[in-house]
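A.B. asks: These protein sequences, in sequence, are chains A and B.
Numbering follows my numbering, in which position 3 of the first sequence is assigned residue number 983; successive positions increment by one, without gaps.
Numbering follows my numbering, in which position 153 of the second sequence is assigned residue number 963; successive positions increment by one, without gaps.
The set of hints was computed from the structure by calculation and includes no laboratory data.
Please read these numbers as outputs of a predicted model, since none were measured by experiment.
We put the beta carbon where it would ideally sit given N, CA and C, even for glycine.
Some hints here could point you the wrong way.
Pairwise CB distance ranges (calculated) [as the list claims (entries may be wrong)]:
hint: 1; chain 1: A; residue 1: LYS999; chain 2: B; residue 2: THR953; range: 52 to 62 Å
hint: 2; chain 1: B; residue 1: PRO936; chain 2: A; residue 2: GLU1229; range: 39 to 49 Å
hint: 3; chain 1: B; residue 1: LEU1111; chain 2: A; residue 2: GLU1053; range: 30 to 40 Å
hint: 4; chain 1: A; residue 1: LEU1058; chain 2: B; residue 2: LEU956; range: 52 to 62 Å
hint: 5; chain 1: A; residue 1: SER1295; chain 2: B; residue 2: ASN838; range: 56 to 66 Å
hint: 6; chain 1: A; residue 1: SER1064; chain 2: B; residue 2: PRO936; range: 25 to 35 Å
hint: 7; chain 1: A; residue 1: HIS1051; chain 2: B; residue 2: LEU1111; range: 54 to 64 Å
hint: 8; chain 1: B; residue 1: TYR839; chain 2: A; residue 2: ALA1150; range: 44 to 54 Å
hint: 9; chain 1: B; residue 1: ILE1042; chain 2: A; residue 2: PRO1094; range: 46 to 56 Å
hint: 10; chain 1: A; residue 1: ALA1150; chain 2: B; residue 2: PHE942; range: 34 to 44 Å
hint: 11; chain 1: A; residue 1: ALA1150; chain 2: B; residue 2: LEU919; range: 38 to 48 Å
hint: 12; chain 1: A; residue 1: LEU1058; chain 2: B; residue 2: ALA853; range: 55 to 65 Å
hint: 13; chain 1: B; residue 1: PHE942; chain 2: A; residue 2: GLY1000; range: 47 to 57 Å
What the simulated footprint calls covered on chain A by chain B, stretch by stretch (three residues with Cβ under 8 Å from a Cβ of chain B suffice, anywhere in the stretch; the number is not a length) [said to hold, decoys possible]:
hint: 14; region: 1063-1073
hint: 15; region: 1077-1089
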Amino acid sequence: MKQDSIAIKVEGVSKVYGKGESAFLALNNATLNILDNEFFTLLGPSGCGKTTLLRIIAGFENPTQGSILLHGEDISHLPPNLRSVNTVFQSYALFPHMTVAENISFGLEMLNKPKQEIKKTVSKMLSLVHMEELKDRHIDELSGGQQQRVALARALAPEPKVLLLDESLAALDYKLRKEMQIELKRLQHATGITFIFVTHDQEEALTMSDRIAVINEGKLLQVGTPHEIYNKPQDHFVASFVGDTNFLEISSASKSNNNDEVIFLNFNHDQILKVPCKKDMALNKSISIAIRPEKVSLVKDADSALLAGEIVDVSFFGTDTHYSIELDSSSGKAQSFHVRMQNASNQSKQYVAGERVGVIFNAEDIQVIDDSR
Amino acid sequence: MDQNIQSVVEFPESKLERLKAKQRTIRNYFLSAPALIVLTIAASGPLFIMLFYSFLTADEWGGVVWQGSLQGWFEVFMRHDIFDGTLLPADAHLSIFWRSIKLSLVTTLLCIVFGFPTAYFIATRPRSQRSFWLFLVTVPFWTNLLIRTFAIMQILSHSGFVNKFLQSLGLIEEPLRLLYTETAVTIGMAYVYLPLMVLPLYATIERLDFSLLEAAYDLYASRLQVLRRVIIPLVKPGLVAGSILVFIPSIGAYVTPRLLGGGKSLMLGNLIELQFGQGRNWPLGAALSITLLVIVMVAMLFYVRSTSRSGVNHAH
């Protein structure tokens, strides 16, 4: 799919709530581009500022600083009813005094579309979300999943340039949420509308998005594809919030010169791994690295491995087995390490608690975290 | 098998429940008997006396003669010409009916116009401040109605605040005639009954889901359309309840039209008082009272209809 032009440009947007001493910086100088026809996710824990950014894009809040551009046009100070952007609210916010069909046609009526066109669009939307049968129902007669579908249809009916979804799946139970995730992707492909999706669920973000922006404490930490976010986290928070991660402090590391983009990390028995890093990264204190538990293997031979330790806990999950390992510590501080080994075959080696094991991994799977940023 | 056992076990238990419930009902009736007796005697007793009196003959110096007559009811709507005795409609009474209904409707409308923004304002304050604002709304109830009405008289009088103010601005040269007009009565009644509009409206607006307003605004509705298409339909129960609460005491108002309306702007309450006092026509007064009751009941019927219809819509 072609994704070249920019749908939403967020330029240096900050939002401060309150004044003086009690002022709260909800969003700190966020800059990002959201492309046309993209499924874009704002990911972060609750209260991180992702919903604030969404509400600024929708027009419910004014940015304290910065601007929002929709297809190049500055919309920062347009009220919501003059923006071609629609929202699917967390609580759905469906009109309880109207039927399903009346809810869906509301936006079209407000745009003064001709009656015939409204009727056609409404029935198109009803079939898009598979709700034709229930069009004359009132909202309180619908289940949570059905309400979700109506909220989607209502927001999509006026064919906005951008659709905003605020934690829209959070209220649904697990099975329904999985269904709606697939449904949302289908709708996005069917309509070709840019979706901006807000969630705190990292799994949801990884499975659904074309690109993800990770936000924490009002700061935009990293923007990238799910692969980039998962495999190349640039930040301690990103690495820990998205998926499980082992953080290791490497006390012995070297760089041939300060401007080099590689770093040499020393492991047990003087084994050195060459790992890419930021150009200007300083080598003043210990280096923090992140390794995903599934990218690590255990070996029996503890003495020749990169790291060695003792298994303290084993959990069998059927498809894989999780090991908790207490690493030998040269510096005196014990570090715990998690390993996930897939049980690809019935012959897969199983280790038991108390066993001494070696830990091996590839240099490519190490992500150097620069905490000085 | 399982089901059979269950039903055998369950049957006596449900029967026991029903017996217990019956016992509870009897006990509840017994406990509420004093209140029920007082209510029956105090509320419907006088009504039946009124109804009965309206079919009696007026005594010359007030009171009634124990003789059946339809004269009271006849005089509500018709009169005989003083000179030739021809039958004419009781236009004085009819104009008072009309004025009562008209002024009550205008009062209700004024209360909506001023009460809605007030209630909306209070409902949108932070939770901790709301009780303070509600408390302010009830402050007028601290003072006697008579005293408050006298205060309005001072404000509206020939040399009162309003006239002084307008004169000082140079908008008028001669003082306006404000007091003893229908306008004064309406202003007075709107002032007195405004809290009765604000409180039920506040109760419904407070429960309003404000994300619905955002949703409407997001779906291209202007502020006016949000008000018309979302807010008003959703607060309709409060609007209707407030309107009824204002309309009913307005149409039977006595003190306010008496003091602010002078002798010209009589309303139903004053007319009834007149029949029992100077008029010395108790059956007519009783018949007028019952007529007022009927008007109020029709208004209530309208209320019940409009609320139950919206209920039906909802369940549809």
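A.B. asks: Hints first: check each against the structure and report whether it holds.
C.D. replies: Against the structure, the hints come out as follows:
{"no.": "1", "hint": "LYS999(A) <-> THR953(B): 52 to 62 Å", "verdict": "violated, 40 Å"}
{"no.": "2", "hint": "PRO936(B) <-> GLU1229(A): 39 to 49 Å", "verdict": "holds, 47 Å"}
{"no.": "3", "hint": "LEU1111(B) <-> GLU1053(A): 30 to 40 Å", "verdict": "violated, 56 Å"}
{"no.": "4", "hint": "LEU1058(A) <-> LEU956(B): 52 to 62 Å", "verdict": "holds, 55 Å"}
{"no.": "5", "hint": "SER1295(A) <-> ASN838(B): 56 to 66 Å", "verdict": "holds, 59 Å"}
{"no.": "6", "hint": "SER1064(A) <-> PRO936(B): 25 to 35 Å", "verdict": "holds, 34 Å"}
{"no.": "7", "hint": "HIS1051(A) <-> LEU1111(B): 54 to 64 Å", "verdict": "holds, 57 Å"}
{"no.": "8", "hint": "TYR839(B) <-> ALA1150(A): 44 to 54 Å", "verdict": "holds, 50 Å"}
{"no.": "9", "hint": "ILE1042(B) <-> PRO1094(A): 46 to 56 Å", "verdict": "violated, 26 Å"}
{"no.": "10", "hint": "ALA1150(A) <-> PHE942(B): 34 to 44 Å", "verdict": "holds, 35 Å"}
{"no.": "11", "hint": "ALA1150(A) <-> LEU919(B): 38 to 48 Å", "verdict": "holds, 44 Å"}
{"no.": "12", "hint": "LEU1058(A) <-> ALA853(B): 55 to 65 Å", "verdict": "holds, 59 Å"}
{"no.": "13", "hint": "PHE942(B) <-> GLY1000(A): 47 to 57 Å", "verdict": "violated, 24 Å"}
{"no.": "14", "hint": "1063-1073", "verdict": "holds (count 6)"}
{"no.": "15", "hint": "1077-1089", "verdict": "holds (count 3)"}
When the structure is compared with the earlier hints, violations turn up for hints 1, 3, 9 and 13 and for no others.
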